[in-house]
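Trainee: Per this note's numbering, residue 396 is the first one in the sequence shown, and the count goes up by one each step.
Watch out, some of these pointers could steer you wrong.
[What the hints assert, rightly or not] Below, simulated SDA-like cross-link-like pairs (lysine to any residue); rule was C-alpha separation at most 25 Å, straight line:
1. Lys581 x Gly689
2. Lys721 x Gly517
3. Lys581 x Asp675
4. Lys721 x Asp675
5. Lys581 x Pro571
6. Lys581 x Arg507
7. Lys721 x Arg567
8. Lys581 x Met519
9. Lys581 x Thr563
10. Lys581 x Val459
11. Lys581 x Pro551
12. Lys721 x Met519
13. Lys721 x Arg687
14. Lys721 x Ala688
15. Lys721 x Gly586
16. Lys721 x Gly689
17. Lys721 x Asn670
18. Lys581 x Glu552
19. Lys721 x Gln482
20. Lys721 x Arg507
21. Lys581 x Pro463
22. Lys581 x Tyr497
23. Lys581 x Glu460
24. Lys581 x Glu539
25. Lys581 x Asn670
Hints listed in this document are in silico derivations from the structure and should not be mistaken for laboratory results.
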Amino acid sequence: MRLPDDRSGAPLALALGLALAGCGVVGGGERPAATAAANPADAANGPAADYPVVLGEPFTIEGVEHVPSDALNHDEVGFATVDREAQAGVTVAHKTLPLPSYVEITALDTGRTILARVERRGPMTNARVVALSPDAAQQLGAGEGAAVRVRRVNPPEVQRAELRAGRTAPLRMDTPETLLGVLRRKLPAAGSASLADARKAPVPSGVRPAAPVAGVEATRPPARSGAPAAAAAGATAGYALAPLDGAPATRPEEASPPAAAVQGGLVVQAAAFANRANADRAARALGGFVSRAGRFYRVRTGPFATRAQAEAALAKVRAAGYSDAKIFSAG
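Make a model of the complete structure from these sequences and hints.
Mentor: Dropping the structure here:
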């Protein structure tokens with residue numbers, strides 16, 4: 396008995412298999428035949444969009460020469476304007492910062508701080524330090540003539556990408572009121588004032604410097620509520636913090652904590668190191684002192700007589716990169 400020889404379906408099955416293979420259907424699942432090309436918009440907003448960095452030639456505005464520079468410690472206070480012609484995105488115009496670069500803009504009336512991308516030259520007036528795009532002004536909650544702080548920063552790539560794509564980066568930590576008061580006192584009548592040129596960070600009036608103790612510059616709180624004549628006249632001094640121009644502080648290797656540090660008050664502890672050399676290096680950068688606790692070397696600044704003074708110092712230490720810095724009782 397001969398079995399039926401049905402071969403009529405073979406060509407059909409073969410053709411169907413080839414068709415399915417061409418569509419990328421294998422094993423009952425769908426697999427693209429090739430990886431999809433990257434979104435052109437995403438590629439345009441990638442890390443390469445931050446290069447090359449452009450400075451440009453010096454230029455003059457209202458008789459004042461401005462020289463673009465790649466200053467990493469750029470920090471200034473002044474007044475903002477709003478660039479109504481700027482495109483969408485949290486961007487700013489600045490006279491000398493690299494294009495592009497990134498800055499924190501702080502509104503000195505509220506303490507709100509945003510991250511923005513510097514993309515343009517301007518504003519073309521010496522009465523204003525920065526020109527905010529409408530989106531930047533809205534996020535900052537500031538308008539024409541608002542007092543601001545402009546500080547160059549190096550944000551993580553994920554936040555850079557948000558700004559390059561025209562979106563907003565998360566708000567930064569609000570600046571404490573004590574530090575805002577300090578910054579407001581640095582405001583000029585017009586134009587801007589550099590904080591990076593100061594040998595010490597600005598502090599509230601009425602605080603006077605202590606005599607150096609074993610090579611360490613520290614701040615001694617007023618002995619009593621009655622301030623000295625110089626302080627009453629509005630003289631200011633600096634906390635024992637990092638010189639904003641990056642100049643090294645006096646070597647603290649052999650220094651002991653200021654005498655007042657063991658008599659009470661508050662100190663700001665930036666970090667604790669197992670290695671003395673690393674602690675000394677951090678203390679030089681912050682203008683603080685090193686104290687040993689067991690096998691660790693603590694880097695501290697102060698002492699400070701009031702919580703407000705300590706919080707202002709804490710903000711500066713954290714801004715220097717020590718995000719885990721805390722306030723402790725001296726001792």
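Trainee: Now look at each hint and say whether the structure bears it out.
Mentor: Hints, one by one, checked against the model:
1. Lys581 x Gly689: 41 Å, violated
2. Lys721 x Gly517: 38 Å, violated
3. Lys581 x Asp675: 30 Å, violated
4. Lys721 x Asp675: 19 Å, holds
5. Lys581 x Pro571: 16 Å, holds
6. Lys581 x Arg507: 18 Å, holds
7. Lys721 x Arg567: 18 Å, holds
8. Lys581 x Met519: Given that 25 Å is the threshold and the Cα spacing comes to 22 Å, the pair holds.
9. Lys581 x Thr563: Measuring from Cα to Cα gives roughly 29 Å; hence the hint is violated.
10. Lys581 x Val459: 21 Å, holds
11. Lys581 x Pro551: 29 Å, violated
12. Lys721 x Met519: 42 Å, violated
13. Lys721 x Arg687: 17 Å, holds
14. Lys721 x Ala688: Distance of about 16 Å is within 25 Å: holds.
15. Lys721 x Gly586: It is violated: about 35 Å lies between the C-alpha atoms, which goes past 25 Å.
16. Lys721 x Gly689: 19 Å, holds
17. Lys721 x Asn670: 20 Å, holds
18. Lys581 x Glu552: 32 Å, violated
19. Lys721 x Gln482: Answer violated: Lys721 to Gln482 is near 41 Å, above 25 Å.
20. Lys721 x Arg507: With a Cα-Cα distance of about 21 Å, the restraint between Lys721 and Arg507 holds, given a limit of 25 Å.
21. Lys581 x Pro463: 23 Å, holds
22. Lys581 x Tyr497: Judged against 25 Å, a Cα distance of about 23 Å means the pair holds.
23. Lys581 x Glu460: Status holds; Cα separation ~22 Å.
24. Lys581 x Glu539: Distance of about 19 Å is within 25 Å: holds.
25. Lys581 x Asn670: Since the Cα atoms of Lys581 and Asn670 sit roughly 38 Å apart, the hinted pair is violated (cutoff 25 Å).
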